[in-house]
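Undergrad: Listed below are the residues making up each chain.
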Amino acid sequence: MIIKCNCSRRDFLRRGLYGIGVGAGLPTILSRTSAALTAQALGGTSMAANPDRIMVVVELSGGNDGLNTVVPFGNDEYYRVRPNLGIREPDVIKAEDGLGFHPAMVGFERLYKDGNMAVIHGCGYENPSLSHFSSMGYWHSAVPNGGDPLGWVGRLADGAYDHDAQGNVIVNIGRRQAMAVRSRHHPPLVFSDPSSLRRDGDQEEQAALAALSEARPSENSALQFLTATAQNAIESGAIVRDAAAAYHTPVDYGIGGLSGPLRRVAALVAAELPTRLYYVSYAGNSFDTHVHQADPHARLLAYTADAVNGFVEDLKRIGRAKDVAVMMFTEFGRRVEENASLGTDHGTATPMFVAGAGVTGGMYGRHPSLTDLDDGNLKMTTDFRRVYATMIDEWLGYKATAPILKGSFEPLGMFA
Amino acid sequence: MPRNSFPALLVFLLVAAAAAIAHAGQAGPAVWTDDLTNIGQADWDRDKAAHLVERAGFGGTPEDIDSLAAMTPAEAVSALVQFQRTPDTLEAFDASPIWEMGMDPFPKSRAEAVRIARETGQSMGVAMLPEGESRRLQPVVNQFFYGLRSNAIETQRLASWWGDRMLRTTRPLEEKLTLFWHGHFSTGNTKVRDTRMMEQQNEMLRAHANGSFRDLLLGILRDPAMLVYLDNGENIKDHPNENFGRELLELFTMGVGNYTEHDIREASRAFTGWTNDVLEFEFDPDQHDFRTKTFLGETGEFNGEDIVELILAADATAEFVAAKLYRYFVRDELTDRTQAALGATLRGANYELAPLLTQIFLSRDFYSPTSVATQIKSPVHLVISTYRKLGLATLPTVPDFNGLTARLGQTLFNPPNVAGWAGGRTWVTPGSLLDRGNLFRAVLFPDTDSFYPPDRVVPGIYASVARRLEQGMNITAATQTGDAESSRLADRDEDYNTRYGGYMGYVMAFDRLIPVPRHAPDLDLAQLLAGSGARDVEAIVDHFFARFLRVTPRADERRVLVDFLRSELGSDYLAAEPAQPGDPAAEAALRGLLYLVLSMPEYQLA
Chain A
1 MIIKCNCSRR DFLRRGLYGI GVGAGLPTIL SRTSAALTAQ ALGGTSMAAN PDRIMVVVEL
61 SGGNDGLNTV VPFGNDEYYR VRPNLGIREP DVIKAEDGLG FHPAMVGFER LYKDGNMAVI
121 HGCGYENPSL SHFSSMGYWH SAVPNGGDPL GWVGRLADGA YDHDAQGNVI VNIGRRQAMA
181 VRSRHHPPLV FSDPSSLRRD GDQEEQAALA ALSEARPSEN SALQFLTATA QNAIESGAIV
241 RDAAAAYHTP VDYGIGGLSG PLRRVAALVA AELPTRLYYV SYAGNSFDTH VHQADPHARL
301 LAYTADAVNG FVEDLKRIGR AKDVAVMMFT EFGRRVEENA SLGTDHGTAT PMFVAGAGVT
361 GGMYGRHPSL TDLDDGNLKM TTDFRRVYAT MIDEWLGYKA TAPILKGSFE PLGMFA
Chain B
1 MPRNSFPALL VFLLVAAAAA IAHAGQAGPA VWTDDLTNIG QADWDRDKAA HLVERAGFGG
61 TPEDIDSLAA MTPAEAVSAL VQFQRTPDTL EAFDASPIWE MGMDPFPKSR AEAVRIARET
121 GQSMGVAMLP EGESRRLQPV VNQFFYGLRS NAIETQRLAS WWGDRMLRTT RPLEEKLTLF
181 WHGHFSTGNT KVRDTRMMEQ QNEMLRAHAN GSFRDLLLGI LRDPAMLVYL DNGENIKDHP
241 NENFGRELLE LFTMGVGNYT EHDIREASRA FTGWTNDVLE FEFDPDQHDF RTKTFLGETG
301 EFNGEDIVEL ILAADATAEF VAAKLYRYFV RDELTDRTQA ALGATLRGAN YELAPLLTQI
361 FLSRDFYSPT SVATQIKSPV HLVISTYRKL GLATLPTVPD FNGLTARLGQ TLFNPPNVAG
421 WAGGRTWVTP GSLLDRGNLF RAVLFPDTDS FYPPDRVVPG IYASVARRLE QGMNITAATQ
481 TGDAESSRLA DRDEDYNTRY GGYMGYVMAF DRLIPVPRHA PDLDLAQLLA GSGARDVEAI
541 VDHFFARFLR VTPRADERRV LVDFLRSELG SDYLAAEPAQ PGDPAAEAAL RGLLYLVLSM
601 PEYQLA
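Protein sequence lines, in the order shown, are assigned to chains A and B.
Quick note: the first sequence uses our numbering, first residue 1, plus one each step.
Quick note: the second sequence uses our numbering, first residue 1, plus one each step.
Excised from the complex, chain A in its bound form (with noise of 0.2 Å):
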């Protein structure tokens, strides 16, 4: 429950101590300008040999639906255990190999035909865990039946950046932070509305309280760091409000939840925001298709594909489709027969993609037996980490995987 009083203090004391009140929230004094911030560069890093090289996670929540996603329509089995949920083979957008693209996906439909899209079969762990909490924590910590208290991408900041390196390491768009992004060095920046990112209060309190969040040099290094953490909080709400407000794009990226993530992504990087890792989540459980999955799966799945397809159309149109690569996963897939309410519960194994100017597209690994199933599920085929150690060694060109995905996982060959 998230209680948000912006009420000031007048409207307080007219209706009394515990009574209601709204008044609208007023701009924040800035100690400094944003642009100054953005020029500055993030310094302090092993991933120097490709600088400008930026990594976008995306969560789909829910558990998504892989084999409607990626279809394999040339497989008789898919009709038997999909009856009613099957997408039938003229509708099916047609890849290689008897397999293709949920009609809805037109947007990846369009990266996968220009080579810059990436789809990676199987995607999953041993001994799955078919609980969303569980199997999500396992994909974000990369740790899976186990845990740790830092999230995958944390402990590649904390690995690749020196632990004094300035400015936004990780940007986190969300309600709440990813536990992917816990990092013990460097605090992710999180928001989801860009306006969030400010202290709440009337004008007086406002003003007070920009000068009590100053950077300030101390003995005590925790104070040291909160201090800085409070001005880079106020300095980098100003930052993105001014991107969002600075940016303006023809490009469509659709409905649904990635486009705004997306758009705001893009913006901070068409402001030159040094940072190198963003993470954003399709949230809510969306995916999560219990009952009557036809429409909303089709119209989650476009809305992905369409939002992928327009941050990367974006981001040729400012320059920088060469330096962004999106990968995407979910928790886990759906059961492999469909469920008597049009839906399909939790499964296991499923397809991850990864999309970009760089990527070299095409099909990674073996798609998964319909017939040979563990207790009617998909056996994996792909260890999820090898994709994590694709992005990291391959991409960013940060080459000690194994310390931060806790073992060794062969990357996939996927980038140039």
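Since the hints were derived computationally from the structure, they do not count as laboratory data.
Do not take every clue at face value.
[Unchecked claim] Derived pair list, reagent style DSSO-like, types lysine-lysine, alpha-carbon separation capped at 27 Å:
no. : chain 1 : residue 1 : chain 2 : residue 2
1   : A       : 316       : A       : 113
2   : B       : 108       : A       : 322
3   : A       : 406       : B       : 191
4   : A       : 379       : B       : 108
[As the list claims (entries may be wrong)] Quick list of simulated restraints, FRET-style, between CB atoms:
no. : chain 1 : residue 1 : chain 2 : residue 2 : range
5   : B       : 257       : A       : 44        : 21 to 29 Å
6   : B       : 336       : A       : 166       : 37 to 45 Å
7   : A       : 52        : B       : 515       : 35 to 43 Å
8   : B       : 573       : A       : 249       : 23 to 31 Å
9   : A       : 407       : B       : 111       : 48 to 56 Å
10  : A       : 52        : B       : 491       : 52 to 60 Å
11  : B       : 278       : A       : 372       : 34 to 42 Å
12  : B       : 297       : A       : 260       : 35 to 43 Å
13  : B       : 116       : A       : 249       : 14 to 22 Å
14  : A       : 260       : B       : 234       : 35 to 43 Å
By construction, the Cβ of each residue, glycine as well, lies at the ideal position given by its N, Cα and C atoms.
Starting from the known structure of chain A, fit chain B onto it as the hints suggest.
TA: Frame of chain A, contents of chain B only:
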């Protein structure tokens, strides 16, 4: 009236001490860092006592601090560590009547509940509908979701009960330690789905909180919530599940680097057959592997208890546990020498925890500048310590306690995963640092009109199901997402509808859960100040600094706050005789000032 939080041995000194509130933040000399020698009586003062109560508890009122400052350091530490000498007068958790006949054992998943019902005609005490009815399994699915929802919300009630206990306890270290063990032996209700088990574990952790680590460890290994959380019911002799052995060695006792993968497998074999019959530990000899095992270099027909003894015999275990306690109570970094010394204390005491805790809290190192006011408060500590410092008599429930801590990244009874909370700097992001201040605005200026009690409101997609059903739609149409066409959908013939079950789960849960009484904080800042004698704006700001902060702010920050208060009051003084009883203008000015103080980066430090 302020709470009397400590068994004050020298109560008569209170009045004299309260009159002279010193400024916070005076640590011992820098050379005390890493010095485990006991602090002397001559070095003991109000600042040291304030540091002790902040770390060994959740902070306190000036009166709480004065009572500890009036003791010797050994008496003060003993009063906290030997908390069994103080009677526990707080009420037990009042559980809602949510568990009905036949609900145990609760199925692991909706799919399992449905399978059982198909095979036996009923599940969780609820029968399928007779043949010919539509959605014959719907009552079973409703009951399954009822079990999930009611336990999720009941666990929030349990967390509020615990928060209230942290606030009101006269044995603060008991709760601070219980919170430590909750993070150390991380267990989450999202997986366990049974508030009774979570409560039982919480009581077990509390019962051994300052006792023997051996008892705690054996207690947690036999704890139903933990056995469910780590799936040890699936750890059977033919298919040993390594989770249990791995978490035992990596997270609970030794830490990585002190054992091999082989040790993990062998330990897991020794715990095969350790399971639970709902709320009772059960050893199933048919599933236990009685054969020979080799563990940490020793070979024998080891059972689980033998494995625990072999683990406790290793120096690495005592050092790992002692170092983790040190990081929780003192600071993130410790030297190898300190770690070895603290480990030796724990092992030397046969894993009794009180001597180790006493050593830590009496050490000069604990009072050195490297330790004092260098710890970032956990969200639970931040909220509870604020309420304690305000002298509140009960936990406010508007805003919702769990909502406040969850917004900052900590939910009691639901740590992020088996590794618990990372703590330290990971509590803070730029946005959460702003929220750490913003949430106190909601505490100081509570918005009761638009408050929605989270234990009474159907969330998200289920709210739209409720709305559509109210509009007269059939179940198929009401559970469809998206466009208005759905209202024309014909009702489907199906075994059950999952989304409708999810909605009914809330309706049934709200019917049986005891409501959380909702009340905003009972605050009167003018009254709070009255005892201090602070009346001019400078003295008021200084009183708030001394009462709430462990770091003295800079002069320019103090000036900002003094100017703010002067401008809000329109005067240099708080009227001695308020214009009207509970003068709302003065109260609002003081709350505005307090909001600023609680939003300062300095306030994040314990």
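Undergrad: Against each hint, give a clear statement of whether it holds in the structure.
TA: Right, here's what the structure says about each hint:
Distance hint between residue 316 (chain A) and residue 113 (chain A) is fulfilled; the C-alpha atoms sit about 16 Å from each other, no more than 27 Å. For the proposed pair residue 108 (chain B) and residue 322 (chain A), the alpha carbon gap of about 47 Å is over 27 Å, so the pair is violated. The hinted pair formed by residue 406 (chain A) and residue 191 (chain B) meets the criterion: a straight-line CA distance of about 24 Å does not exceed 27 Å. For the hint pairing residue 379 (chain A) with residue 108 (chain B), the CA-to-CA distance comes to about 21 Å; that is within 27 Å, so the pair holds.
Evaluation of the 21 to 29 Å hint for residue 257 (chain B) and residue 44 (chain A) yields a pass: the beta carbon distance comes to about 28 Å. At about 31 Å, the beta-carbon gap between residue 336 (chain B) and residue 166 (chain A) misses the expected band of 37 to 45 Å. Separated by about 56 Å at the C-beta atoms, residue 52 (chain A) and residue 515 (chain B) break the suggested range of 35 to 43 Å. About 57 Å separates the C-beta atoms of residue 573 (chain B) and residue 249 (chain A), a value inconsistent with the hinted range of 23 to 31 Å.
Distance hint check: the CB atoms of residue 407 (chain A) and residue 111 (chain B) are about 31 Å apart, inconsistent with the given range 48 to 56 Å. In this structure, residue 52 (chain A) and residue 491 (chain B) meet the distance hint of 52 to 60 Å, their C-beta atoms being roughly 56 Å apart. Checked against the hint of 34 to 42 Å, the C-beta distance between residue 278 (chain B) and residue 372 (chain A) comes to roughly 37 Å, which is consistent with it. Range check, residue 297 (chain B) to residue 260 (chain A): Cβ separation about 58 Å, and the 35 to 43 Å hint is violated.
Taking the beta carbon of each, residue 116 (chain B) and residue 249 (chain A) are about 54 Å apart, not inside 14 to 22 Å as hinted. Residue 260 (chain A) and residue 234 (chain B) have their C-beta atoms about 42 Å apart, which keeps the hinted 35 to 43 Å range intact.
In this structure, the earlier hints numbered 2, 6, 7, 8, 9, 12 and 13 are contradicted, and the remaining ones agree with it.
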